[in-house]
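Turn these sequences into a full structure, and let the hints guide you.
Protein chains in written order, with our numbering: chain A, 1 to 418; chain B, 419 to 573.
Keep in mind that the hints were calculated from the coordinates and are not lab data. Note that this is a predicted model, so its numbers are computed, not measured. Glycine included, C-beta positions come from ideal geometry on N, C-alpha and C. There may be inaccurate statements among the hints.
Using C-beta positions, here's what the derived DEER-type ranges look like [said to hold, decoys possible]: (1) A:Gln-160 <-> B:Asp-525: 37 to 43 Å; (2) B:Thr-524 <-> A:Ala-365: 40 to 46 Å; (3) A:Asp-316 <-> B:Ala-560: 41 to 47 Å.
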Amino acid sequence: MTPASLEQTRAAIKGIAREEWGRVLASLVGQLRDLALAEDVLQDAVVAALGHWPRDGVPAQPRAWLLQTARRKAIDRLRRDANFQAKRAELAVLHELDRQAGQDDLDESIADERLRLIFTCCHPALAEAARVALTLRTLGGLATEEIARAFLVPEATMAQRLTRAKRKIKAAGIPYEVPEPDLWAERLGSVLSVIYLIFNEGYAATSGEAPTRGELCREAIRLGRILAQLVPEEPEAAGLLALMLLHDSRRVARSDAQGNLITLEQQDRARWDQGLIAAGARLLESALAQGSPGPYQIQAAISAIHAQAPSATATDWRQITLLYGELYALQPSPVVRLNAAVALSFAEGAEAALPTLAELERQGALASYQPFHAAHADTLRRAGRKTAAAKAYRQTLALTRNAAERRFLEGRLGDMLG
Amino acid sequence: MEYATARWVHFLRNVDFKGYHSSIKGRPRWRGYNRESCQMKYMCLIYGDEAKHPQPGTPEMGQLMQDYMAFTKDIQEKSVMVAGDPLQPVATATTVRVRGGKTDTTDGPFAETKEQLGGYYILECKDLDEAIAYAARIPTAASGSIEVRPIMVFD
Numbered sequence: 001m002t003p004a005s006l007e008q009t010r011a012a013i014k015g016i017a018r019e020e021w022g023r024v025l026a027s028l029v030g031q032l033r034d035l036a037l038a039e040d041v042l043q044d045a046v047v048a049a050l051g052h053w054p055r056d057g058v059p060a061q062p063r064a065w066l067l068q069t070a071r072r073k074a075i076d077r078l079r080r081d082a083n084f085q086a087k088r089a090e091l092a093v094l095h096e097l098d099r100q101a102g103q104d105d106l107d108e109s110i111a112d113e114r115l116r117l118i119f120t121c122c123h124p125a126l127a128e129a130a131r132v133a134l135t136l137r138t139l140g141g142l143a144t145e146e147i148a149r150a151f152l153v154p155e156a157t158m159a160q161r162l163t164r165a166k167r168k169i170k171a172a173g174i175p176y177e178v179p180e181p182d183l184w185a186e187r188l189g190s191v192l193s194v195i196y197l198i199f200n201e202g203y204a205a206t207s208g209e210a211p212t213r214g215e216l217c218r219e220a221i222r223l224g225r226i227l228a229q230l231v232p233e234e235p236e237a238a239g240l241l242a243l244m245l246l247h248d249s250r251r252v253a254r255s256d257a258q259g260n261l262i263t264l265e266q267q268d269r270a271r272w273d274q275g276l277i278a279a280g281a282r283l284l285e286s287a288l289a290q291g292s293p294g295p296y297q298i299q300a301a302i303s304a305i306h307a308q309a310p311s312a313t314a315t316d317w318r319q320i321t322l323l324y325g326e327l328y329a330l331q332p333s334p335v336v337r338l339n340a341a342v343a344l345s346f347a348e349g350a351e352a353a354l355p356t357l358a359e360l361e362r363q364g365a366l367a368s369y370q371p372f373h374a375a376h377a378d379t380l381r382r383a384g385r386k387t388a389a390a391k392a393y394r395q396t397l398a399l400t401r402n403a404a405e406r407r408f409l410e411g412r413l414g415d416m417l418g
Numbered sequence: 419m420e421y422a423t424a425r426w427v428h429f430l431r432n433v434d435f436k437g438y439h440s441s442i443k444g445r446p447r448w449r450g451y452n453r454e455s456c457q458m459k460y461m462c463l464i465y466g467d468e469a470k471h472p473q474p475g476t477p478e479m480g481q482l483m484q485d486y487m488a489f490t491k492d493i494q495e496k497s498v499m500v501a502g503d504p505l506q507p508v509a510t511a512t513t514v515r516v517r518g519g520k521t522d523t524t525d526g527p528f529a530e531t532k533e534q535l536g537g538y539y540i541l542e543c544k545d546l547d548e549a550i551a552y553a554a555r556i557p558t559a560a561s562g563s564i565e566v567r568p569i570m571v572f573d
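Here it is as structure tokens:
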């Protein structure tokens, strides 16, 4: 084999390993009951694949091959373990599994246990940053170094974060189970928010930044797709996937060549990905048809209205206002109320939104939230209240650091004073 | 008077422990290779604000005691409870440190905090989720906080 084609083969093997990682790892954790050990032996199996497959060809059942090889690596490790006596029962079970596997170990016959794994990785007893890292490592099959680069932390820091989390799972007895019905809603919420956090981390990255950060969007969508397949009866899982697809349709249009963010109304809509918009909308429709709306489905619906509007001015703001009202009923936060007020200002005129904005200002919860002051200033300007608008623009400027945005706001402030 | 500043869990002492240990021994244990699906022991450390603790003789105190007794009875009947005790208030605490072979003894707790350790339970549970579910039912969880710590097992 020439060096170039060997390189290609190795890349292809890494691709297969990455694709199968989550499923094989979940099966191994079920058999070994030790996440750290399962991960180590699966890594060994991938190394073995990189040695064998270029010579012998990719096996017909790569998932089964990886699982069996990893299990044998586990047997070797446990045999070498100083604590051999204590591990005898474990070894007996592994030998039995290995014997059963035999020739008819087929990819399709390996049960998909990823749901258990994802609930373990997203357990609320783990710190949020650890949940995110573990989910990407175990379910997504990303290397520690890739995760570190995406989150802009040194590799050693990320490695330590992962090790600590795995140690806590083992020592604290975090279950490797699908949660009981009384915990289901809360735990599913934690899984959904971890995936959405991964997406937003990538979405916040601009074109100037490390490309791996943007990759997080694709990775979150992949995880969202896996989850939606694993829990088809949960429309919020499909809602989250739809929301991510719809946001992702605008990703390339939302920053310029210098990495400055472009607001929704100023984006070039020809650059929006119509394929993703159609896929997101289809998914959302079937989710909503299940008759159990939640925050992700509602946010996806709002995103779909923007995505399907021919222009910023031809947006169905009335429907968006209603949807924010629904969202506020489920998540009564001041930020949702602010969004509802802004939508109302476009649906019924700036004047209509001013009482809500004034009340939000009185309550003070958004006092240091720059987007509140920016929206307040803009609404006052559109309502023709120059003095109040000027005051709000000054408050916005006090909280704005981005140079381009400051220039824009100073221009607006000048208009109000002129 | 010993209960001049009564603790929220002092009535644990009044609970009948008879028959408890025999029930634990008689319980079937899973003897597979898989240690982690065996029972684990968790210590639930009960923290609360002593200054806000109800005074003895008040209806609030009576209610709290009833809640603790009901909870303790339930976890005993389910053979989940291994141990549990209230502690005297933090004013009775002594902190001991040995530095350079010399014992240094000081009054009070190591650090000033808003919540003080007031008692504990040791529970035997199948996993952290079960321990969290019991910890959430400890009456002080509604006003203070419960720290759930696995007890270390040496291989």
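| message | Quick check on a hinted range of 41 to 47 Å for A:Asp-316 and B:Ala-560, using CB atoms only. | response | 46 Å, holds
| Whether the CB-CB distance between A:Gln-160 and B:Asp-525 falls inside 37 to 43 Å | Distance hint for A:Gln-160, B:Asp-525 holds at roughly 38 Å.
| field | B:Thr-524 paired with A:Ala-365, Cβ distance criterion 40 to 46 Å | value | This hint holds: roughly 43 Å between Cβ atoms.
Checked against the numbered hints given earlier, the structure satisfies every one of them.
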